[in-house]
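*Asks:* Sequence:
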Amino acid sequence: MKSTEVLEKTTLEIRGLPRPNSRLPFRKFAMENDMHKTWELFDFGCKKVDAPTYLGRKAGLGYLNFLLKKHKAGCCWDGSFGEEDMEVLIHDDGCMEFVITKKGYEDFTKEKGIADFNKFCEIIFPYFMSAEVKGMPAYFDQLTIFIICLTSRIKRRMVNGRSTCCLTSLSNRPRPFQP
Numbered sequence: 001m002k003s004t005e006v007l008e009k010t011t012l013e014i015r016g017l018p019r020p021n022s023r024l025p026f027r028k029f030a031m032e033n034d035m036h037k038t039w040e041l042f043d044f045g046c047k048k049v050d051a052p053t054y055l056g057r058k059a060g061l062g063y064l065n066f067l068l069k070k071h072k073a074g075c076c077w078d079g080s081f082g083e084e085d086m087e088v089l090i091h092d093d094g095c096m097e098f099v100i101t102k103k104g105y106e107d108f109t110k111e112k113g114i115a116d117f118n119k120f121c122e123i124i125f126p127y128f129m130s131a132e133v134k135g136m137p138a139y140f141d142q143l144t145i146f147i148i149c150l151t152s153r154i155k156r157r158m159v160n161g162r163s164t165c166c167l168t169s170l171s172n173r174p175r176p177f178q179p
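Counting from 1, one number per residue, gives the positions in the sequence shown under the numbering used here.
Worth flagging that the hints you see were computed from the coordinates, not collected in a lab.
Note that the Cβ used here is the ideal one computed from N, Cα and C, for glycine as well.
Among the clues, some could well be false.
To be verified - For lysine-lysine, the following BS3-like pairs were computed, each having C-alpha atoms within a straight-line distance of at most 27 Å:
(1) K102 / K28
(2) K112 / K70
(3) K119 / K69
(4) K110 / K37
(5) K102 / K70
(6) K134 / K72
(7) K37 / K134
(8) K112 / K72
(9) K72 / K110
(10) K69 / K58
(11) K119 / K102
(12) K103 / K28
(13) K47 / K102
(14) K103 / K72
(15) K37 / K72
(16) K58 / K103
(17) K37 / K48
(18) K58 / K102
(19) K119 / K70
(20) K119 / K103
(21) K37 / K58
(22) K110 / K58
(23) K112 / K102
(24) K58 / K28
(25) K110 / K47
To be verified - If you anchor each label on the Cβ, the simulated ranges turn out as follows:
(26) D107 / E32: 28 to 38 Å
(27) K110 / D85: 14 to 24 Å
(28) E106 / G135: 34 to 44 Å
(29) R27 / C95: 31 to 41 Å
(30) T38 / D107: 41 to 51 Å
(31) K110 / K48: 32 to 42 Å
(32) E84 / K47: 15 to 25 Å
(33) K28 / E122: 17 to 27 Å
(34) L89 / L41: 33 to 43 Å
(35) T109 / K134: 28 to 38 Å
Sequences are here, hints too, so could you generate the full structure?
*Replies:* Listed below in structure tokens is the structure:
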């Protein structure tokens with residue numbers, strides 16, 4: 001059998017990937033993908049912690065970037081968007097875009113921005129927690145503090161040195177226990 005005959009008979013089937021140019025509700029996206037993984041930390045006496053997976057980090061940072069872009073453009077929702085307003089757009093090249101479909105208001109204020117971030121945390125964070133681990137996932141406390149600081153220019157300047165560390169908090173993982 002020649003190699004060309006083998007190639008002609010070979011088929012590849014990939015299951016579970018979303019179709020290009022499709023829209024998924026965030027809830028469906030989160031249920032079909034693991035948003036977090038539970039790790040055992042050796043440093044803390046085999047304590048279990050939750051940490052986001054690659055897709056979990058991508059979703060969290062995608063929605064956070066979307067909120068920041070809208071706030072920078074002067075739009076906000078005053079915390080009135082819900083989980084049903086959050087969608088994942090899959091493009092031709094497989095790139096994912098995380099958007100809030102509800103139309104935002106044009107009058108951004110600090111209080112309305114804080115309400116948006118609180119709603120973001122209220123919707124997103126439960127997808128990163130498991131029943132066996134109590135409390136927030138690894139690094140999420142620092143992320144919450146940094147999100148609140150983003151809404152004030154003065155505080156943003158004060159935490160500028162830590163901004164790189166805090167913005168990447170969704171991408172950090174604790175060191176797993178390896179027996």
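*Asks:* Hint by hint, note whether the structure agrees.
*Replies:* Going through the hints against the structure:
no.	hint	in the structure
1	K102 / K28	holds, 18 Å
2	K112 / K70	holds, 12 Å
3	K119 / K69	holds, 16 Å
4	K110 / K37	violated, 34 Å
5	K102 / K70	holds, 12 Å
6	K134 / K72	violated, 35 Å
7	K37 / K134	holds, 14 Å
8	K112 / K72	holds, 13 Å
9	K72 / K110	holds, 12 Å
10	K69 / K58	holds, 16 Å
11	K119 / K102	holds, 14 Å
12	K103 / K28	holds, 21 Å
13	K47 / K102	violated, 40 Å
14	K103 / K72	holds, 15 Å
15	K37 / K72	violated, 33 Å
16	K58 / K103	holds, 23 Å
17	K37 / K48	holds, 10 Å
18	K58 / K102	holds, 21 Å
19	K119 / K70	holds, 15 Å
20	K119 / K103	holds, 16 Å
21	K37 / K58	holds, 14 Å
22	K110 / K58	holds, 26 Å
23	K112 / K102	holds, 15 Å
24	K58 / K28	holds, 15 Å
25	K110 / K47	violated, 38 Å
26	D107 / E32: 28 to 38 Å	holds, 37 Å
27	K110 / D85: 14 to 24 Å	holds, 22 Å
28	E106 / G135: 34 to 44 Å	holds, 38 Å
29	R27 / C95: 31 to 41 Å	violated, 21 Å
30	T38 / D107: 41 to 51 Å	holds, 42 Å
31	K110 / K48: 32 to 42 Å	holds, 37 Å
32	E84 / K47: 15 to 25 Å	violated, 36 Å
33	K28 / E122: 17 to 27 Å	holds, 19 Å
34	L89 / L41: 33 to 43 Å	holds, 36 Å
35	T109 / K134: 28 to 38 Å	holds, 35 Å
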